[in-house]
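Novice: This is what each chain is made of:
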Amino acid sequence: MYWNILKRDIKRKKTMNVILLLFTILAAVFVASGLNNVVTVMNGTDYFFEKAGIKDYVLFTQNGDGGVEQILKTSGCVKDYSMEKCIWGTNGDITYQGEKLKVKNNTLLIQSLDTTQFHYFLEDNQELTEIADGEIYITAGSFARNDMHVGDTIRIQMKNTDKTFRVAGEIKDALLGSDLMGNTRFLLSENDFKAYEADKSLEPYLGRIFQVETDDTGTLSAELASATNILFSSERATIRLSYVMDMILAMLVLVLSICLIIVSFVILKFVITFSIREEFREIGVMKAIGIRNAKIRRLYIVKYLAMAIVGGIVGFFVSIPFGNLLIASVSKKMVLGNEGGYLFNAIGVLAVIGLMVGFAYLCTGKVRKLTPVDAIRNGQTGERYHKKTIYRLSKSRARTPFYMALNDILSAPRRFITIVLPFFICSVFMLGVVMVTSTMQSKSMITCFGKESDIYITDPKMMKTVLVDKDQEPVLQENYQAIADELEAAGMPVDKVSMEVWYKYACEANGKLYSVLFQQNTETHTTDYTYEKGTPPQNAYEIAITPMIADQLGVEIGDTVTIDFGTEKRDCVVTALFQTMNQLGKVGRLHEEAPTSMKYSTTMPGFQVDFSDHPDEKEIRTRVKKIKELYGITGVFDAAGYCVDCMGVGDTMDTVCLLLLAITGIVVILVTVLMERSFISTEHGQIALLKAIGFSNRSIFWWHVIRFMLVAGFAEILAVVLTRPITKLWCDPIWAMMGATNVDYYFSPVRIILIYPGIVLAITWIAVSVTAFHIRRIRGTDIVNVE
Amino acid sequence: MANILEVKDLCKTYVIDKRQNNVLRNVNFEVEEGDMVAIMGPSGSGKSTLLYSVSGMDVPTSGTVCFAGRDIAKLSQTELAKVRLDEMGFIFQQMYMMKNLTILDNILLPAMESKKDERSRAEKVAFAEELMRKLSIIEVADNDINEVSGGQLQRACICRSMVNHPKLLFADEPTGALNRAASTEVMDALGKLNREGTTIMMVTHDAKVASRCKRVLYILDGTIKGEYKAPEDENLSDADRERRLQNWLLDLGW
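Going down the list, the protein sequences come from chains A and B. Using full-length UniProt numbering, the first residue of the first sequence is number 1, and each one after it goes up by one. Using full-length UniProt numbering, the first residue of the second sequence is number 1, and each one after it goes up by one.
So here's chain B without its partners, still in its complex pose (with noise of 0.2 Å):
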């Protein structure tokens, strides 16, 4: 599998009151076609702010990322749009949605907005269409976003960062706003998603859902202190992996 994520000694520092605060330092991994990959460590550890430099959402202050064999940071801010807008998808942790939209134009917004996609308007409905029964929330797609619940609004959120067949889909905390039932849907709906070919990045402190990941990164003031790859062995119950998992992170201090 050829990498679609690329990052080489990535830095980001902050600087407040002239003091300089270093969020990442000399970060490296990839990320190859198809994989589903776990960033975990404790708050204030860089997470998000990795997650945002490699998605182009924020700028390093050194090092390469290379995603689809471009360097992001030689690309302009509309052509970063771009490609936000027809290779990338995102979930946050809390589900933002456009207010006077319904769901299903909510998820359609993207798809309308790109201009890269040749598919006919009538395509692009029908596809979100098919996304959200696959997410099993067809129901509410003329509902206004106060009229879902929160596990139905984050699942939609999903249809719409795969509405533009994103390459690589990245989630900030997906579950971090969720009772532990919506958190299941929603995981469900990503593995689901993963299992079709979707690569996913995602950022999580909660080791039951970084344990439905093929690999972890765990981070720890700005630096990766380890990778974790999960066991491949598909008759391994949730539990053994998540107890796999937490023994790995104790052993690293979590």
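Isolated chain A (complex conformation) (with noise of 0.2 Å):
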């Protein structure tokens, strides 16, 4: 009987169950590969850095080791370490097809594979183990970057060694591999390696890097600090958390499928209530001869319970494909293990397949208030206790159609809740990533990083006389004088450079030694900051801090904190919390009259520059054009530009806002479809009625479109309203977890007012209408054999 019924039920309510399904399927293929996903890239990373061999302390050094290898061999906190060389350059230093190499991050290096004590992966997860002489390996993401392919040649250019490799293919590098640090590893021969290494005029760009095993990484720290010439230096968790951008998508993948299951719920109650509507004849007359309520019952659940096993077997195999290409981008830089295999996607179809049946169970309730007289009196009770219309036509000045369109919706709101709830939860998500995205593209995010300035030179070209002539202050300052000279020179009048210069200092605390990183400008005021919380330092002896260091150093605004200085050991007074993207969040800031040494200095970001003309934003983008052809670089950034630099994850971004878009749209076209469908099955009697007293299709179609776009037009106007107050909710954790506590939220009215909603709108404008013709079918005739 079972099957019987099924049967029928599919055979007559076609485009409902066509929809169903679909919303299902969606549902389990989001959920599946979502789940999968998250376990995937949160393991992954571990089980990446264990393969990788990465041990509990990283640290690069530059023309030397600075002290560090005297420090770790007399630490009494070090179990073991390791030491290799590499030569760090530009891309300027290396020529791909006659042009420089497009990379992600300027700050490149080049090693033999032979020393190193890092493993690196080929694109079938099979280690590299050895390099032939005149070949190179590059990490992941270079080929796609420059169109690169293997056998294709590389000139690599130093100084007074100049040597052509064969490209033999890409890596997976644990270390540099992801977007938040996004250097590019050059791998050699050994042979290769030694003809760089014995170039006396590279000697300033050798470097190190060291590995640490160490139970104490904290200590460790604090006693590095008095080592210098540090470029970069993380404990192993930290490290981990520059993949945090392909957690971040994978987590979007798993909010998305959360919204897709609550947009499925609502589609399925609308489905499971209108069934139940439309057979209350049936179940009256079921009623009648005596059938009990759990039996009808059984009856509606089975044909969900099918829906959901073929939608969840359909969903698991979808999702296996679709999570992989979610992830490609991640997987193309990661060895990626997760042991669970498919579980977790099986583990997420049963989880939908038990979530669809248990709510069916619920919305199937409506079965109980039918009763036998329901199916004499054509599902009428007649009874009404509020009056429902408002709008009255002999008041109104608008067209039939608009009166008739908005008339149903003020008459009877709660019947377009289905729609709106799903258009509304898919919009507000896709338009909050898009907010995210249009922040991280602006410059509203500036502060995060250091203060607001005109244009900022990072190019390594530029930099590279500044980091490595070290201990000689007065060059930081030639070239502050040099760079405003020759921008007045070319008619742009500057007001200051200034630079932001990192200092890695030992600090103490609470009876503790930490080891931190301080930002300095010594040519703005460090009031030119913006603070969360407190005053900002007013003399060399007070200092603001993350939240993050706070916590770290157990200290709060009104503690002391001792800073060595190199020169000198001094207490200084914490003023003031401030938020920073830098370090994710672990850094602390001096007052530009603080006694720091450019010796050690560790990172410099690149050159402010703050013209003396105030420009406006496009002749500050026509600018940085012609400061990129003054000097042959490439590292030259607005404010916004400089941002999206930092982030280095913009494309992707913009890429998730497509998807999202394309997602939000093939809901759209399903619950629009499926909608209007059912309007057009309930409101048969009246459209025939509307014929034969002569309304021309052309009025009922209009009818029909417009009380769509209203109802939709709202759930977007609503979904844009709330965009900021949501996107807060689920994405200032996620900010939080990069060190920004308090982001200001750039609102971009072109894309969240018109463009995204407008394209949602658009789609169901397309849809409703394609649907609405149906109404052509409906004959005024029809009136005599409407139930």
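Hint data in this document are derived by calculation from the structure and do not stem from the laboratory. Cβ atoms here follow ideal geometry from the backbone N, Cα and C, with glycine treated the same way. Please note that a few of the clues may not be correct.
[Claimed, not checked] List of simulated lysine to aspartate or glutamate pairs, DMTMM-like, C-alpha gap at most 20 Å:
id, chain 1, residue 1, chain 2, residue 2
1, A, Lys395, B, Glu129
2, B, Lys99, A, Glu683
3, A, Lys395, B, Asp117
4, A, Lys395, B, Glu130
5, A, Lys395, B, Glu139
6, B, Lys82, A, Asp782
7, A, Lys395, B, Glu118
8, A, Lys395, B, Asp142
9, A, Lys395, B, Glu123
10, B, Lys99, A, Asp782
11, A, Lys626, A, Asp782
12, B, Lys99, A, Glu278
[Stated by the list, open to error] In silico contact screen, one side only, chain A against chain B (beta carbon under 10 Å); selected entries:
id, residue
13, Gly358
14, Leu393
15, Ser394
16, Lys395
17, Tyr403
18, Asp408
19, Ser411
20, His614
21, Asn697
22, Thr781
23, Ile783
[To be verified] Distance ranges between label pairs, derived from CB positions:
id, chain 1, residue 1, chain 2, residue 2, range
24, A, Ile717, B, Lys214, 51 to 61 Å
25, A, Arg777, B, Val15, 16 to 26 Å
26, B, Lys18, A, Arg414, 45 to 55 Å
27, A, Ala412, B, Arg180, 29 to 39 Å
28, A, Arg392, B, Val59, 33 to 43 Å
29, A, Arg414, B, Ala122, 25 to 35 Å
30, B, Val15, A, Gly358, 17 to 27 Å
Grab the two chains, each in its own frame, and use the hints to assemble them into the complex.
Specialist: Set out below in structure tokens:
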């Protein structure tokens, strides 16, 4: 009997069943792939780091080891360490097909595979064990960025050494391969590397990479504070955080799948309620002949169980390639080992099936309310306790299709919630991601990286002089002056050229020693920056720190931290808390007069230029171009460009936005077709009546289209209005992971009010128009056949 | 009086499972302006099919239907819809109305939709109210459609059919779903409209209803078997009129 009822139902409500099945498949696909991807990426970093041989603490130096090796040898907390050599370079040193190599981050390094302690993996996850002389392997992502292929040639011309290599393949690099690190590594044979190492003129660029095995990274970090020439140092957990963007992408898929499940349930509720309402006669008759509620409910639940199982099975198989596609960008650079295999896909699918059937059981509770009398009274009880119509045609100035559309919505708003909810849920999530992307691509995040300036010059060619000639502070000032003079000569009046210099100092707080990175710009004032809490440092011995550093040191505003500046050891008062995404939020800020020495500098993000004529954004963009041409460099940005460069994920987020738009489009089409078909079905009699009394197809068509567009428009307006608060809810914790505790979201009116909702509404318009053509099939004479 | 409707050799055939069903066979008749014609016949004789075919709601298989001098077969669907909206009125057995509109708004709907009607909105509202007053339902103007009786609802349907000043009013079993008292109310209303000049063509199987018409066409197996003209004697009682029609129908095998 169940099979017969199922067969009849499938035949009678073909469109509705197909759409519900599609939603089930979509929900299963997204939950299964989202769950699997989150587990894969979360475990993936650990698995990859283990395979790649990354130890507890890693640090890079340049121009010798700066005393690091001596500290490691004598430190009591170091169990073991390894050291390997590298040579630092920029993309200006490397030529591919006659042009500069395109790279993500312009600090590159060349190394020998033979002496490295790390393990590198090829595209098929096999370990790279040997490199022949004259061959080179490059960090994954370079092939796509440069349209490079195996067998092509690359020329590395550094000072007096010039060699050409045959490209042998790409490598998966655990330490530098993430979006946030993004440094390109070139692996050579030992002989080839020695040729560069032997070049005396390259000595200042010769670096060391140390890997340390320790149980106490805090103490080690503090001990290393006295070492110089450290470019970068970090514990394993922080390096792991550099894959946060990949984690975020996997999380977005999971959040999206939750949205789709909610949408599926809204649709499921509508379809079940609609089916039961339409079958009042059958249900009434079944009750009249004594069939129990539970048995009638079982009839319906069997259908939804069958649908959930079919949708789940299809969803499981689709989720495998779909999930792989979503993490393709991650798996290209990581060796992902999910030991659960497709177990998580299966768990996700089973969860969807269970939820659907449980929900169907709840929704079929309506069966209890129907009585045999409903079968007699055509499903109408005749009871009405409230007045329906509030908008009167006799008082309206609108045309009839518009009037009828608006009147339907105002008369029975609850009926349209099924449309509003899916549209709202998908749109608010999509617009949230669009807002996050716009924020990342705007200058509103500039305070997370430093002070806002007109132009930022980060090109390594410009930075090199400053970086290598350490211990000569006047060089930095001379650079400022030289750049200012050159820009003035090119017609760009300069007010100030400055630079944030990062220093690593040992700090003592609450009796414990820590190593903390500090930023200082001697040309600006600490009062020029934004603080979350407290007052800006007023003198050389006042500091501001991030909440993360405050937690680490166990201090608050007003507490004292002892900083060993190298030249002197002073107690400094914490006067303010600020947010930054530099070093994932683990930094402090020094007063411009603090007794720093370039000897302890670790890195410099770039020159900041402020013009005295306060140019507008258009003029700044023109000047960016001019400066690029003037110095023959590429790393010149305005404030927004600098933010994108710092985060390095602008393009990926754009792709995510488009993916979400596509998914929203699919949901919108499915919901629109389903709802409009059900409207036409329930309003068959009214449409026939209108046709009989002389309404044209056109008028009836517009009635339906306008009604749908009004509801969809309302949902979009609601989504636009609530985008900011809802995005703050789900995105603020993600920013906090990266160090930004109070992000000022950039609301791009063109993208958030016009483009994305506009596209959603255009898709709705097309879907509802095509579906509303079914109205043509209804004839005026149908009025006599309508029950 | 000129003919408002001329039907010549009208045929309507349905094909179901490759079997032909000739519902109407060479039907010929005319309706003059100001006439009130009833079509009677047993169930399945083709009464409703005839009504829908001559009103342009259904497409005849062959033959011609001239409405106000125009062959409706030559009109497009859009033109036909305009003719139905501006020049015809319809009353159905079931009192269909738009669910979310009040009685007055339902009546007004065709007037507001009409582009030919040059009256102002206020004039249209005033006319709808006048019609309601005439048919004694003005007190339910602001009611929802489920807040009135069947008789009131059918009279509201009559008002809706009249709101655009139709040249011809088609009624399909207008009293079929009503009790005797409500039927009388509706027929009184239709009689009043006819006396004021509205041409009416209705399908009914109720001799009492048909006896209030000027002419009765009796249809059997898709062909018109006879035409009855009501006596012009105004002093004749309703019961006598009904008895005479009953006798005529019995002669035809009713």
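Novice: Quickly compare the C-alpha distance for Lys99 (chain B) and Glu683 (chain A) to 20 Å and report which way the hint goes.
Specialist: Distance of about 10 Å is within 20 Å: holds.
Novice: Tell me if the interface restraint on Lys395 (chain A) is satisfied: Cβ within less than 10 Å of some Cβ in chain B.
Specialist: 9 Å, holds
Novice: Take the shortest C-beta to C-beta distance between Asp408 (chain A) and chain B; is it under 10 Å?
Specialist: 6 Å, holds
Novice: Does Leu393 (chain A) pass the interface check with chain B, least Cβ-Cβ distance below 10 Å?
Specialist: 4 Å, holds
Novice: Hey, Lys395 (chain A) versus Glu139 (chain B), does the alpha-carbon distance stay inside 20 Å?
Specialist: 18 Å, holds
Novice: Are Lys99 (chain B) and Glu278 (chain A) close enough, with their CA atoms no more than 20 Å apart?
Specialist: 17 Å, holds
Novice: Next pair to validate is Lys82 (chain B) with Asp782 (chain A); report whether the Cα-Cα distance is within 20 Å.
Specialist: OK: Lys82 (chain B) and Asp782 (chain A) at ~19 Å, within 20 Å.
Novice: Run the distance test for Lys99 (chain B) versus Asp782 (chain A): straight-line Cα separation, threshold 20 Å.
Specialist: 17 Å, holds
Novice: Does the beta carbon distance between Arg777 (chain A) and Val15 (chain B) stay inside 16 to 26 Å, or does it fall outside?
Specialist: Given range 16 to 26 Å: holds, Cβ gap about 18 Å.
Novice: Taking 20 Å as the top limit, are the C-alpha atoms of Lys395 (chain A) and Glu118 (chain B) close enough?
Specialist: Judged against 20 Å, a Cα distance of about 18 Å means the pair holds.
Novice: Using the nearest Cβ pair, does Ser394 (chain A) come within less than 10 Å of chain B?
Specialist: Ser394 (chain A) check passes; min Cβ-Cβ to chain B is 5 Å, inside 10 Å.
Novice: Is 29 to 39 Å respected by the C-beta to C-beta distance linking Ala412 (chain A) and Arg180 (chain B)?
Specialist: 36 Å, holds
Going through the hint list in order, the structure does not satisfy hints 11, 13, 20 and 30.
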